[in-house]
Amino acid sequence: MKSRIVFVFIFVVACWLCFPCNAGAQQGYCFNTYFSTYINSSVGSDHASVIQTVQVSGNISLNNPSVWAGPLTGWIYPCTSQNNAMQSASHTYKITNLVGSTGGNYSEAAPALNYNTYSITITAPVTPGTVYSGSEVELITCSAAGTIFNGGGGLYIEVAYTRAVSTGAQSNCYWNQKITQEVCDISAQVWCTAASSPPDYPVAAVSSQVYPPPAPNWWETFDVCVAYGSPGHYRPWLCSPFGLALEQYTALPAPAICTYNP
Amino acid sequence: MFPTKRLLPAALLGSVAVFLVFLPSRVVQGRSTPPQQAVDPHNHTLNIIDGRVHPEMIQDGQAFRLFFLAAATGANPVPEEKARQRAMLAPVRLSEMELAITSAVLADYKGQYEAAVQKYNDAVASARAFDQLPDGKQLGAALDALALAVKTKLEASISGGSSIRLYAHVQGEKSKMRVTAQ
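Top line first, the protein sequences correspond to chains C and X. Start counting the first sequence at 1; every next residue gets the next number (the numbering used here). Start counting the second sequence at 1001; every next residue gets the next number (the numbering used here).
Any given hint could turn out to be false.
Here are the simulated lysine-lysine pairs, DSSO-like style, with alpha carbons at most 27 Å apart [said to hold, decoys possible]:
hint, chain 1, residue 1, chain 2, residue 2
1, X, K1110, C, K94
2, C, K94, X, K1137
3, C, K94, X, K1119
4, X, K1082, X, K1110
5, X, K1082, C, K94
6, X, K1153, X, K1082
7, X, K1153, X, K1137
8, X, K1110, X, K1137
If you are wondering where the hints come from, they were derived from the structure by calculation, not from laboratory data.
Chain X extracted, bound-state conformation:
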């Protein structure tokens, strides 16, 4: 009987240990979750990188994607779009010629961006099963890479000083960006 008495507590302790090892993180996080978040059981907003606090954690590809997309216009912009673009690019102090080049490059970028998104959304719409869905993470990486390619193209078209100012300006703009951490 002696071995059994020793084994039972050991089994209980072992089970508790195993349970704790597999304890899901949601339960652990719940202890320090602010009350306003605990009220809404469907609030899944997690892991946001705030550029105001950690601008260094926002990658250049993400930053240029966001900036270029906000600054870009369509192929035939209305006066309001032109004014917005001119205001956004004013800190870079582009010459009129550089501004025209940049405007054309960004319009082309917007077209490529929208085409990539449309292709993705079409694939989503035509998916008949879970395993036919396109890779959502891969699309983000592709759009970031496209933005960096456009940056390289722009740098080859504008002066060195303008390129430096563009890069510095976008670095500064990271403080106004937020991205979900991967």
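Same shape as in the complex, but just chain C:
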């Protein structure tokens, strides 16, 4: 009988020890976060600027779990005080949006339980082929619960230029009724000097008009590429799947000095 009492006592103490650990306000326990971020870097229409947007959006939802605190206390709600604090708290959204020396740090505050979208766009002048250091950081801090989202980091960015020539093969052709043109993917190969090969922005095919003829026989292409390496070790550059292609119909020129930053 005595041993049973000892067992029950130790069991209750062991269970009781669990509660303070669970009572702390934690993501996924007292609240869930639903945040998302997106950075978009695009080539400006002048091919000499990058338009970079850093966007963060989302909200949190509160939970109110109950925990059995033993026969003397009964059920407790360890998140109640946290939830009450949240209802009058605010969230500060901080964005760092930098390309070279353009941009900076930005922030705004919003009620903690609101859904909020915060977006910063900068337009940075760039020289095609030049690598710029940049960063995009999205940080959300809660006046009641500390940092609840932390994303982003440093990156390098460039507008990559590649000259490409048609190899003639056409695929994925379709008739665009709206502009009464036939458009095909025309296979291509890069046309760069040996010293600038392989270019940072590889081009294997370009979608171009083939009817009414003629089809272009070469292109000047541009794309925004980002890298997460370090100077001397940039590659691989991550380029958008479809860059800009300026269609050319003149005689084939000499290979170009394409953007090459290994």
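Following the hints, put chain X in place on chain C, whose structure we already have.
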């Protein structure tokens, strides 16, 4: 006395086992938490899906929501907004007519998005108790569904090739997105 001597260690072991079963994950994670995170006891940043590493884990609804929202302008955009939109959509190689259609569809999308968010935030403001708060997770799902509906609407308005390029472009853009895992 013999049964008692056997029972006590068993009770102790049982209690320890029960304690370990209920050991909260926070304590277990603490053993492998990097030092810089351990310094801040209020850092609750967990479970972020980085599209750079796992683009396949970012759902299309989330990706189109983020892309459309970034590309959309208001109903009466200023020249800077138009330039941003044109630059963002340039890789899709839309014709001028398609660009105008897309611009209008995205402006409408932005209006619906902001209306849904405003309705949610109004419900938050008017809630008097915890159980009156609107469902935060449900709003995210609704906004993702709205983005997919707009994608379908756009696909019906632009050429097949443009639709394919738009889809491929947004898939590529997933590498620049981060979302919290659900």
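So, going through the hints one by one against the coordinates:
no. : hint               : in the structure
1   : K1110/X to K94/C   : holds, 22 Å
2   : K94/C to K1137/X   : holds, 23 Å
3   : K94/C to K1119/X   : holds, 25 Å
4   : K1082/X to K1110/X : holds, 14 Å
5   : K1082/X to K94/C   : holds, 25 Å
6   : K1153/X to K1082/X : holds, 21 Å
7   : K1153/X to K1137/X : holds, 25 Å
8   : K1110/X to K1137/X : holds, 20 Å
Checked against the numbered hints above, the structure breaks none of them.
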